[in-house]
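Protein chains in written order, with our numbering: chain A, 1 to 213; chain B, 1 to 398.
Treat the hints as calculated values from the structure; they're not laboratory data.
Heads up, some of the hints might be wrong.
Claimed, not checked - Using 20 Å as the maximum straight-line C-alpha spacing, the simulated EDC-like pairs for lysine to aspartate or glutamate come out as follows:
#1 Lys4(A) with Glu93(B)
#2 Lys46(A) with Glu262(B)
#3 Lys45(B) with Glu179(A)
#4 Lys201(B) with Glu321(B)
#5 Lys256(B) with Asp112(A)
#6 Lys256(B) with Glu176(A)
#7 Lys48(A) with Glu93(B)
Unchecked claim - Listed next, the stretches of chain B that the computed footprint assigns to chain A, with coverage defined by at least 3 CB atoms under 8 Å from CB atoms of chain A:
#8 224-232
#9 252-262
#10 271-279
What the hints assert, rightly or not - Heads up, incomplete: computed chain A residues facing chain B, CB under 8 Å, no partners named:
#11 Ser5
#12 Gln7
#13 Thr21
#14 Ala42
#15 Trp61
#16 Asp62
#17 Ala64
#18 Gly65
#19 Gln66
#20 Tyr69
#21 Leu72
#22 Ile75
From the three backbone atoms N, C-alpha and C, an ideal C-beta is built for every residue, glycine too.
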Amino acid sequence: MSGKSYQFKIVLLGEGCVGKTSLMLRYVQDKFNDEHLSTIQAAFIKKKIRIGSNSVELAIWDTAGQEKYHALGPIYYRGSNGAFLVYDITDIDSFERIRKWVTELKTSLGDDCILCIVGNKSDLEKNRNVPIKEAEEYAKSVGAKHYSTSAKLNQGVNELFLDISKRMIEKFESSENLESINHQSGNSSNKRNTIQVVDDSVVQQEDKKSGCC
Amino acid sequence: MYNDMVKQMRSFVEKFREIVLRDSESELASVNSKHSEMVQDFFRKMNKYLMTSGWIKLYLDKLSLVARPNSLTNDSIEENSEVLTNINDEDSEKFSEAVMIMVESYINSCIYDLVFPSLMSEFEEQDIKLQKKIRRFYWITSQMIGTCIDENSVFYRDPYEEAINNIVQVDSKRTSYEKMLCITNCSKNLFNAINIASNIKNSVNEVSNLDQKASKNKNLASADDFLPALIYLVLKANPTMLYSNINFVTRFAFEKRILQGEHAYHFCSLNAVIAHIENLDHAHLNMTQEQFEFYSNGQNDTDNIGNIQKVIETNLKVLSELRDKQILIKHETFKLQSDIHLFRELIKKKLENCIQSSTEHKLNSSFQNKSVLDDNQDVASFNFTSTSILVPLPLNSQ
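Let the sequences and hints guide you as you build the complete structure.
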């Protein structure tokens, strides 16, 4: 009966206007309408769910999507167990930006982070600019999973969060096993928490590709 | 277990003090991070101890004892004990978290004086540089940052100023928990301000074009709105010794709390804001390199004119906001008036119905009812005349 309890951090990445926040709100609001009334913000939201006998506490971190804040990404996604890379299926640029985040996440978090590439606004199928095949193939090539959602019509949102939770649990369990082996051999890794101030060169690189939203 | 923990904490503080005093002679910058490693080690040990020993469950029913720590308390711990009393019996995880906060607060407040000065000297240069930098950015307006927040607004001045107070207070707190709490409160107040700002905008739009049924009423502030607002707030508040304080938290707070939870989110946001301000350049403010340099160098001749212009601009802004406020009030007044009117009609109808039905039954009581109707009509007509006083004069459009 009493299963394990997990705590996971999910970070939401995606260009402004792709509907990151609506996605999160849709997920949290739908089931807990009353609870939601007390929240005044939609940037950090906690939600508890049950998967089988396990309880999972999701902490969802929203990030600012504007291009000029791209360099601040690492501060937010540090230590996260999962990441949603959200793009707008009608906007090819927003998909291109996903690639940048994927490579960044890969280099800084390695394989510890579950990646989900989410094509939002699937209700606007007729205006689709990002071929679904391309998106799915790309997701496969980087070891991520691709999802299609519509925050507006509430399609695929619950499935998305449920799926990532399951995958995070799997990941957690397998890494736990690895860690216990490591512990036996006597090396405990201490991650240091220093502030990462991103150096100028990165910022300038971002600025060349000036985009606005 | 409680006594045991206290003993452990005391002996750790003793040991730590010795080591810090011994190290103070050698002037290495890395000394502080070595100390932080020690503290972190201790936190990890304590946490493991809490998680593994089955004491928590046993102690949950003796909560009241734990919630009233004796001789060694200070203010911060007392504050935290309030958190404890609310704890659900089943939730031992929450309990251990709260205990860890207390452990952390105790250790923090004991070592604060030992550790903070060396932190201060380590980050002195960075702190001063940042403050100077922010001071030089005095000319940045909210439009340049791209936020809807404006410090002169009449609508949300209170939460905005409260937020500034919160962030300035960070420096005065002596434990990392309290410091983080200040940051979270600051964020919450700022979120309030953003919500008010965006709701005002919406309702003004709604009122001014009534035919449109745009009712996006509850717009919650997202990270897209929040980060620029926080950048603006930090630029305006210019809190002292940000680097020292942030590094105190990152080094001497229980590391799990910096990575998880709401406090962590707001703490990270502040980190992000500082990183952004450090790298702030012309592209971030939607201006050309020349403009940026022109402003940054603060040419004196144009400065005066610029200041005057700024004053005029802010005054205009205040005026237009007052106008918005009046539009809203006018709208509300009309609504109230029509509500009263409707109410009067409703009561009248109800009474008429009542009279009709009662006259059919009892001839005697009809007389009484009629007098009630008269009374009500009086009240209603009084209301009607009184509301006409409230109707404001039509506004002159600018």
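Worksheet entry | Violations among the numbered hints, reported as their numbers in ascending order | none
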